[in-house]
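Engineer: Sequence:
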Amino acid sequence: MANPEIHLNDFMVATGYMDNAVAKAEAYLTQVLKKGTGMKTMDQLRNYKYHHTKWSCLDDLPPTSHVIRLHKRRACFATHQMVSLLSSCEPLDPKEFGFELIGNLLVPNEKRENRTKAIQRLTEYTPKASLSFVLTASTMPVGDRTTQKYSLKQGPPQETALETW
1 MANPEIHLND
11 FMVATGYMDN
21 AVAKAEAYLT
31 QVLKKGTGMK
41 TMDQLRNYKY
51 HHTKWSCLDD
61 LPPTSHVIRL
71 HKRRACFATH
81 QMVSLLSSCE
91 PLDPKEFGFE
101 LIGNLLVPNE
111 KRENRTKAIQ
121 RLTEYTPKAS
131 LSFVLTASTM
141 PVGDRTTQKY
151 SLKQGPPQET
161 ALETW
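Each step along the sequence shown adds one to the number in UniProt numbering, with nothing skipped, and position 150 is 150.
Mixed in with the good hints there might be a few duds.
DSS-like, lysine-lysine: derived pairs with alpha carbons at most 25 angstroms apart [stated by the list, open to error]:
no., residue 1, residue 2
1, K54, K34
2, K40, K54
3, K54, K72
4, K35, K72
5, K95, K72
6, K72, K34
7, K49, K35
8, K49, K72
These are computed hints drawn from the structure, not numbers from a lab.
I would like the entire structure built from these sequences, with the hints used as guidance.
Structural biologist: This is the structure in structure tokens:
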């Protein structure tokens with residue numbers, strides 16, 4: 001057992017609660033996926049699984065810590081709502097936890113700047129002369145809403161890139 005009571009002790013009650021809660025949630029999740037290790041982050045677990053499995057495929061690896069960041073924030077928000085349902089604590093703003101309000105629904109939000117930052121980090125660690133990417137977005141209807149599909153493809157070097165969001 002991964003002992004959730006250890007990881008949820010003083011959940012979101014101390015100063016700097018958000019960073020602390022997200023770190024504890026990630027540590028708990030790594031223990032659920034690989035019990036008995038001292039790993040605290042998904043990045044550590046991903047690295048371990050990549051180096052210690054016979055046939056490691058990228059699709060079989062757990063997500064990186066950055067990829068699940070908004071998911072962890074939304075999970076912390078939901079857990080806080082359940083834990084504090086009958087108490088008189090101050091309500092949290094869902095927008096600070098990775099949600100956006102569309103109509104009367106709270107919908108998970110994937111912020112545009114996260115994609116842009118990921119692309120910037122990718123280009124920082126590779127030689128500029130050998131790397132050029134083109135980010136394209138297409139809008140497609142899904143029921144009564146529209147969703148955007150993004151693709152990142154290696155393309156010819158360009159002086160300027162145009163992003164339309």
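Engineer: Does each hint hold? Answer for all of them.
Structural biologist: We went through each hint and held it up to the structure:
no.	hint	result
1	K54 to K34	holds (16 angstroms)
2	K40 to K54	holds (23 angstroms)
3	K54 to K72	violated (29 angstroms)
4	K35 to K72	holds (19 angstroms)
5	K95 to K72	holds (14 angstroms)
6	K72 to K34	holds (18 angstroms)
7	K49 to K35	holds (13 angstroms)
8	K49 to K72	holds (21 angstroms)
Going down the numbered hints, you'll see the structure goes against just number 3.
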